[in-house]
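Sequences are here, hints too, so could you generate the full structure?
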Amino acid sequence: MTAALHPRGTLRATFVAGARDDMFRRLGLGARTCDLGDQGLYLAEELVAADRWFGGSDSLTLGVLVLALMIAQRQGSTRLPLDPRGPLRSLVADIVRLSGGDLDAGALVKAIGKLTSAPGFDSVLGRGDARLPLIVDDDCLYTERSRWLEQRVAARLAERLADATALATGVAAVAAATVVAELRARPAGRPLSEEQARAVGIALAGKLAVVTGGPGTGKTVVAGAIVRGFARLGLLARGPIALAAQTGKAANRLTQVIAEQLAAIAEPDEPDRALAATPPAAQTLHRLLGYQGGRFTHSAQNPLPVSAVIVDEASMIDLELVDALLDALPPSAPLVLVGDAHQLPAIDVGQILADLAEPDGAAALRVAVLTQSYRMDPRDVHGRAVYDAAAAVHEGAAQRLVERGGLATPRTPGTLTFRGVEWVDTQAAHAVPVKPGRSHRAEQEVTLAVAEALWHHFEGPVALRSAQHVFRFTGGAIDPAHAPGLEVLWRLLGRARILTVTRALATGSLAINEHLHGIALEALGTPGRPDFVPGEPVMITANDYQRGLFNGDQGIIVRADEGLGRHHFRAVFRCGGELRPFAIEALRDRLELAWALTVHKSQGSELDAIALLLPHEELPLVTRELIYTAITRARTGVAIAGGKQVLVAGGRRTAQRHSGLATRLLRATLRR
Numbered sequence: 014m015t016a017a018l019h020p021r022g023t024l025r026a027t028f029v030a031g032a033r034d035d036m037f038r039r040l041g042l043g044a045r046t047c048d049l050g051d052q053g054l055y056l057a058e059e060l061v062a063a064d065r066w067f068g069g070s071d072s073l074t075l076g077v078l079v080l081a082l083m084i085a086q087r088q089g090s091t092r093l094p095l096d097p098r099g100p101l102r103s104l105v106a107d108i109v110r111l112s113g114g115d116l117d118a119g120a121l122v123k124a125i126g127k128l129t130s131a132p133g134f135d136s137v138l139g140r141g142d143a144r145l146p147l148i149v150d151d152d153c154l155y156t157e158r159s160r161w162l163e164q165r166v167a168a169r170l171a172e173r174l175a176d177a178t179a180l181a182t183g184v185a186a187v188a189a190a191t192v193v194a195e196l197r198a199r200p201a202g203r204p205l206s207e208e209q210a211r212a213v214g215i216a217l218a219g220k221l222a223v224v225t226g227g228p229g230t231g232k233t234v235v236a237g238a239i240v241r242g243f244a245r246l247g248l249l250a251r252g253p254i255a256l257a258a259q260t261g262k263a264a265n266r267l268t269q270v271i272a273e274q275l276a277a278i279a280e281p282d283e284p285d286r287a288l289a290a291t292p293p294a295a296q297t298l299h300r301l302l303g304y305q306g307g308r309f310t311h312s313a314q315n316p317l318p319v320s321a322v323i324v325d326e327a328s329m330i331d332l333e334l335v336d337a338l339l340d341a342l343p344p345s346a347p348l349v350l351v352g353d354a355h356q357l358p359a360i361d362v363g364q365i366l367a368d369l370a371e372p373d374g375a376a377a378l379r380v381a382v383l384t385q386s387y388r389m390d391p392r393d394v395h396g397r398a399v400y401d402a403a404a405a406v407h408e409g410a411a412q413r414l415v416e417r418g419g420l421a422t423p424r425t426p427g428t429l430t431f432r433g434v435e436w437v438d439t440q441a442a443h444a445v446p447v448k449p450g451r452s453h454r455a456e457q458e459v460t461l462a463v464a465e466a467l468w469h470h471f472e473g474p475v476a477l478r479s480a481q482h483v484f485r486f487t488g489g490a491i492d493p494a495h496a497p498g499l500e501v502l503w504r505l506l507g508r509a510r511i512l513t514v515t516r517a518l519a520t521g522s523l524a525i526n527e528h529l530h531g532i533a534l535e536a537l538g539t540p541g542r543p544d545f546v547p548g549e550p551v552m553i554t555a556n557d558y559q560r561g562l563f564n565g566d567q568g569i570i571v572r573a574d575e576g577l578g579r580h581h582f583r584a585v586f587r588c589g590g591e592l593r594p595f596a597i598e599a600l601r602d603r604l605e606l607a608w609a610l611t612v613h614k615s616q617g618s619e620l621d622a623i624a625l626l627l628p629h630e631e632l633p634l635v636t637r638e639l640i641y642t643a644i645t646r647a648r649t650g651v652a653i654a655g656g657k658q659v660l661v662a663g664g665r666r667t668a669q670r671h672s673g674l675a676t677r678l679l680r681a682t683l684r685r
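Residue numbers (the working numbering): 14 to 685.
Do not take every clue at face value.
Distance condition first, Cα-Cα at most 20 Å in a straight line; then the derived EDC-like pairs of lysine to aspartate or glutamate [stated by the list, open to error]: (1) Lys657 - Glu408; (2) Lys123 - Asp96; (3) Lys657 - Glu416; (4) Lys127 - Asp117; (5) Lys123 - Asp150; (6) Lys127 - Asp96; (7) Lys657 - Glu458; (8) Lys127 - Asp152; (9) Lys123 - Asp152; (10) Lys657 - Glu631; (11) Lys127 - Asp151; (12) Lys657 - Asp401; (13) Lys123 - Asp151; (14) Lys127 - Asp150; (15) Lys657 - Asp438.
Bear in mind the hints are in silico, worked out from the structure with no lab data behind them.
Structure follows, in structure tokens:
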């Protein structure tokens, strides 16, 4: 790839030219391999060009530093520590290595140290409270906006923690204990465990609470119990209890669980009857806050008309979104964040849940940890294997999966059973490990074979044949006579997914989806090459408030008869508990195939089995948190395909997500 990156302004063309331009392009290509997108590359180019315009003289050093910061932010960090022995060195080394250049990474790190120790007036770099694009603070490099957001969020959370300390005593604590006892004595469904009851008590006793736990620990069940507890404390008299999640799928799941709890109560009392009369329906955070045209409708000037907010899958909330939520939340309304602090954090910058859940952090007394899993049943041999593999990865011991007699069973693609944990070494076809720049053709063939194995094992061909049936819809609702068949198809396509590390690259979701799409077209004998055919799973990639579809929602393509005398291909999604058809043409700019998903996009999913496809080379994106998140999507079957060295190195590498929020929150709390 030799094309220029994608500059749209004029600064780069004017002030970065010749050899510097060529070197920056090569470094940018290395950064792109670290999954830095065009937006980050463009911003890096413009910052370097602006620095030269101000009079800066070391554009190469600044360019490497800015690319490292952009990659760190792409990986979710709010800041980049400048310690020359820390992540800065590894990021610079990765950029240089993947660019194929002959630059000295060690010398660049030393030059960065000099550049950031005393930035001059002729630079885009500043220190402390300077209003410049890049800020050095606490021996870390921030963008000015990220530093400002950290300060705002820390101050607002400290206010809530102070209120929580006051409310955790006296009448509120007694009321919370009474509610927990009642919920345990008259449960809806499975009785609350001791740790779940404690979580409810913490949530009812203050203005801020965190409920965190691994997959299947009953976090959503606890959220439902908290809603019932808030109702008993009289919050409904002040306004509705708002339920939210980062994705439409998680929001639908939260709505479903709470509805099931209310429906299971044999003799509801007045608070439960009030909830049942107008059951709270979860929505995405963006919709709750009224996101329109790049802005939020609700803010401090137009606060949310709610008495409390409970957010599920809170590990996916980024710094900017939690700032918007705290800004719009009335001071009297409690906030409860529910999620798995060990999962991949948000795609954008920030790791709010992990920062709040630190054992010695400022919010430690407001954190409830759930440990018992009900999803991966340890009594089932396959569920136990998945559970043990996830635990090993979480402990930083991924090598236990692939060592002799380890937790994963060695397989070839043709012998995969998708039961327990299986391992396909894609580098077994090579006499020596593949080095950067060498052909990965043999590895790619094995990778694609694993993807095809999952596709066949979980009835991809059956789904394609079943979807050739024409499903009848009337007024946007499925005909009752056709509903059972559509539900069968929905469940069939929802049992398993292929998970990837990136969207791009040969092992990314785009390439895998394109490959399986080609197989589907061949199996159906479809003329031409349509983007979608009946029987294929699809996913929404951007919020569509008009139609009630949200980023991450998954659906299926079917043949639909809507009473027009002919059938059409339609994308069917579950909305409000019902399967509804949507015209593909209306969704085309935000619809893509979903045989394969990135691990980030899979968060919130509960599947029977997954196949995790690792990249052919070691990348900073392959981390312990990513592997853990992928494995914990599955109940009984995990197949991992990749080179042993990539898996082991990834299991040792923690996500390079650096945040100053926990420190700022502790300082803000101590000042009160």
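We went through each hint and held it up to the structure:
With a C-alpha separation of about 18 Å, the suggested pairing of lysine 657 with glutamate 408 holds against the 20 Å cut-off. Between lysine 123 and aspartate 96 the alpha-carbon distance is near 10 Å, which keeps this suggested pair within the 20 Å criterion. The suggested pairing of lysine 657 with glutamate 416 holds, with an alpha-carbon distance near 9 Å, which does not exceed 20 Å. Between lysine 127 and aspartate 117, the direct Cα distance comes to roughly 16 Å. Compliance with the 20 Å bound is thereby established for this hinted pair.
A distance of roughly 18 Å separates the Cα atoms of lysine 123 and aspartate 150; the hinted pair therefore holds under the 20 Å criterion. Note on lysine 127 and aspartate 96: the hinted pairing holds, with a Cα-Cα distance of about 12 Å set against a maximum of 20 Å. Of the supplied pair hints, the one linking lysine 657 and glutamate 458 holds, its CA atoms being roughly 17 Å apart against a limit of 20 Å. Taken as a hint, the lysine 127 and aspartate 152 pair is honoured in the structure, with Cα atoms around 13 Å apart against an allowance of 20 Å.
Proposed proximity of lysine 123 and aspartate 152 is supported: the alpha carbons are some 15 Å apart, at most 20 Å. Proximity of lysine 657 to glutamate 631 is assessed by CA-CA distance (about 10 Å); at most 20 Å being required, the pair is judged to hold. Distance restraint check for lysine 127 and aspartate 151: the Cα-Cα separation of roughly 16 Å lies within the 20 Å cut-off, and the hinted pair is therefore satisfied. Annotation: proposed proximity of lysine 657 to aspartate 401 holds, straight-line Cα distance about 18 Å (limit 20 Å).
A C-alpha spacing of about 18 Å is found between lysine 123 and aspartate 151, which places the hinted pair at or below 20 Å, so the restraint holds. Taking the CA atoms of lysine 127 and aspartate 150, the gap is about 15 Å. The hint holds against a cut of 20 Å. Among the hinted pairs, lysine 657 with aspartate 438 is consistent with the structure: their alpha-carbon atoms are about 6 Å apart, no more than 20 Å.
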